[in-house]
Amino acid sequence: MAELIQILISGLAAGSIYALAAVGFTLLWQASQTINFAQGEFVMLPAFFVLVGMGLGLPMWPAIGFSLLLSLLILGVAFKKLVVEPMLPHGTLPLVIATIALGLLMKESVKEFYGATAQPFPAIFPQKVYHFAGASVSAQDIGNLIVSMLAIGGLQLFLNRTRTGRCMQASAQNPAVAEILGVDVKRMVMYTFLINAALATIASVLISPIYLAKFSNGETLGLVAFIAAIVGGFNQIRGALVGGLLIGVIDNLSAVYVSAEYRSAMPLILLIAIILLRPQGLLGTKEGRAV
Amino acid sequence: MTRTRIILIVLGIAALVAAPIGQGNYIIYTLTSWLLFSISAMGLNLTLGYAGQVSLAQAGFMGIGAYVTALLTLAGVPWIAAALISITSCFAVGLLLGWPALRVQHHFLAFVTLAFNTLLFLVLRNEEEITGGSFGLVGMPRPSVLGIATDSNLNFYYFALACFLISAFVMWWILRSPWGRAFKALRENPIRAESLGLKIRRQTLLAFAIGSAFGGLAGALQSPLVQFIEPGSFALIHSLKLLLMVVVGGAGFFFGPMLGAAVVILLPELLRFTEGYYLIIYSALVIVLMVFSPQGLIGLGQKIWNQFRPRHETRRDMKKGFQL
Chain A
138 MAELIQILIS
148 GLAAGSIYAL
158 AAVGFTLLWQ
168 ASQTINFAQG
178 EFVMLPAFFV
188 LVGMGLGLPM
198 WPAIGFSLLL
208 SLLILGVAFK
218 KLVVEPMLPH
228 GTLPLVIATI
238 ALGLLMKESV
248 KEFYGATAQP
258 FPAIFPQKVY
268 HFAGASVSAQ
278 DIGNLIVSML
288 AIGGLQLFLN
298 RTRTGRCMQA
308 SAQNPAVAEI
318 LGVDVKRMVM
328 YTFLINAALA
338 TIASVLISPI
348 YLAKFSNGET
358 LGLVAFIAAI
368 VGGFNQIRGA
378 LVGGLLIGVI
388 DNLSAVYVSA
398 EYRSAMPLIL
408 LIAIILLRPQ
418 GLLGTKEGRA
428 V
Chain B
80 MTRTRIILIV
90 LGIAALVAAP
100 IGQGNYIIYT
110 LTSWLLFSIS
120 AMGLNLTLGY
130 AGQVSLAQAG
140 FMGIGAYVTA
150 LLTLAGVPWI
160 AAALISITSC
170 FAVGLLLGWP
180 ALRVQHHFLA
190 FVTLAFNTLL
200 FLVLRNEEEI
210 TGGSFGLVGM
220 PRPSVLGIAT
230 DSNLNFYYFA
240 LACFLISAFV
250 MWWILRSPWG
260 RAFKALRENP
270 IRAESLGLKI
280 RRQTLLAFAI
290 GSAFGGLAGA
300 LQSPLVQFIE
310 PGSFALIHSL
320 KLLLMVVVGG
330 AGFFFGPMLG
340 AAVVILLPEL
350 LRFTEGYYLI
360 IYSALVIVLM
370 VFSPQGLIGL
380 GQKIWNQFRP
390 RHETRRDMKK
400 GFQL
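In order, the protein sequence lines correspond to chains A and B. Heads up: the first sequence begins at 138 in this note's numbering, then just goes up one per residue. Heads up: the second sequence begins at 80 in this note's numbering, then just goes up one per residue.
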């Protein structure tokens with residue numbers, strides 16, 4: 138029992154980080170029909186910005202701020218202006234190909250210009266372990282869970298309670314009508330890209346102390362973000378959240394109870410099962426239009 | 080088919096026959112692997128360029144083909160039988176994967192194939208008793224055709240060339256048949272095509288399964304060519320590379336995949352002086368190409384050609400066919 142609680146908590150902690158990436162993924166999809174195959178690399182990169190910042194002599198927190206700024210500029214503004222915008226009129230496929238190429242570009246650039254080995258990354262939470270009822274839970278796991286839940290909760294509040302957030306939802310649901318009603322759709326789409334970049338930075342800072350910063354981290358993270366988004370429901374933020382948590386828990390459970398070798402197979406099997414049985418995702422709603 | 084086109088194709092085949100003569104082993108090997116990847120990319124082009132579906136498991140299908148052929152030929156089965164079994168099993172797996180995925184919204188095939196490729200990699204790596212795990216399988220015999228052994232690289236090149244020409248002919252025949260022409264109809268106007276009685280889903284499913292079978296043939300050739308296979312050669316990244324190959328060459332054009340494969344196989348040789356930066360340059364080029372010419376290099380060539388030939392309509396149908 139104690140072991141189970143331990144696994145559940147660390148699964149939820151990992152899952153909440155996956156959820157951050159998955160939420161960004163769904164937001165981009167809703168706002169601009171962009172299937173971002175580079176999402177994993179988007180989570181891998183900010184950690185290296187932090188390391189570069191610290192290499193320039195900045196302390197940890199300013200370095201994280203520096204990384205956030207760079208991510209907003211590169212993964213938000215530049216990605217939208219240079220890659221997504223010129224390709225939207227061509228339809229979805231060229232954009233899919235371009236994001237695949239972009240992921241490759243980011244991965245190889247980090248490998249060539251920073252290093253191919255895993256880099257140690259400073260922990261933001263104290264390295265303490267708490268014991269209760271026989272289970273030992275690390276402060277890091279609890280911190281990760283709280284920070285990502287706060288981020289997603291804040292985002293949900295922003296989207297539902299503020300004027301800008303509602304305008305963003307309107308532009309995602311029906312850009313033409315939103316435009317007629319006076320919403321600056323282009324700006325709303327830009328906000329979405331910025332939010333995605335910010336979420337990726339948070340996820341990166343949270344996950345890198347655990348996995349170390351490595352150029353190839355994006356491969357698994359991207360796949361997990363996809364699966365979480367589809368399992369939860371492609372068109373719902375809370376779907377992506379549930380999907381992320383579920384994947385995290387299943388991943389940790391199967392590592393212990395199934396086999397370490399087939400650990401990464403479990404989420405994939407879940408993905409195929411969901412596509413077969415409930416293609417709109419656990420919490421998703423059926424979309425009227427063909428997407 | 081115009082006369083100039085026939086002459087050009089005959090010249091092209093003559094060039095392919097003459098290409099390896101007097102060349103060193105390394106160049107012959109590179110040319111052979113270009114032929115293999117062209118076969119695989121041709122299959123993916125049927126799925127992507129004609130049926131408009133993204134498959135992220137073409138390397139996985141090559142893997143199935145390579146492993147099935149390797150295991151069977153190592154057990155003493157002749158290559159031709161092993162290759163046929165490989166092709167059939169890829170076709171069957173394609174049907175099994177595509178059927179549920181195409182039942183729902185159309186971008187799901189991309190995700191299902193993505194998951195499948197990753198799963199396949201795990202199975203190949205972990206089931207050591209059958210697949211040899213990460214050490215792979217070695218020493219697959221090369222086939223002999225009509226009593227001529229293909230042990231020398233030159234002979235194997237001609238063997239691969241024959242397979243390549245047969246598959247190109249089959250592909251040409253598929254695309255020209257009423258069944259293949261239905262794809263152009265689907266691409267240009269799906270609603271009209273459906274109202275004329277075309278079953279979109281069945282067509283797309285078969286296209287995906289046939290495309291996968293081409294991947295199986297490429298894998299069946301790869302196993303005796305390299306004589307060493309390991310799971311890493313069939314990982315997801317290689318499926319992505321195959322996809323880029325098709326798109327760079329020009330998805331939906333008959334010669335697109337061959338050009339794309341040539342670019343992907345030859346570019347590393349040309350960019351050798353850049354050392355590790357090769358992939359960075361390549362992926363940046365792909366992004367630029369997608370911005371300016373989503374129809375790939377052939378599309379770009381046509382655009383430039385049309386600059387000099389006024390009143391020539393460019394392919395409007397690609398707009399429809401290109402949607403995911």
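I should point out that these hints are in silico values taken from the structure, not numbers from a laboratory. Just to be clear, a hint being listed does not mean it is correct.
For lysine-lysine, the following BS3-like pairs were computed, each having C-alpha atoms within a straight-line distance of at most 27 Å [what the hints assert, rightly or not]:
hint: 1; chain 1: A; residue 1: K265; chain 2: A; residue 2: K218
hint: 2; chain 1: A; residue 1: K218; chain 2: B; residue 2: K320
hint: 3; chain 1: A; residue 1: K248; chain 2: B; residue 2: K320
Derived CB-CB ranges, DEER-like [said to hold, decoys possible]:
hint: 4; chain 1: A; residue 1: P223; chain 2: B; residue 2: S223; range: 33 to 41 Å
hint: 5; chain 1: B; residue 1: L254; chain 2: A; residue 2: L225; range: 47 to 55 Å
hint: 6; chain 1: B; residue 1: R280; chain 2: A; residue 2: R303; range: 48 to 56 Å
hint: 7; chain 1: B; residue 1: R388; chain 2: A; residue 2: N311; range: 53 to 61 Å
Positions of the beta carbon are idealized from the N, C-alpha and C atoms, including for glycine.
| field | Hints that the structure is at odds with (numbers, increasing) | value | Violated hints: 1, 4, 5, 6 and 7; rest satisfied.
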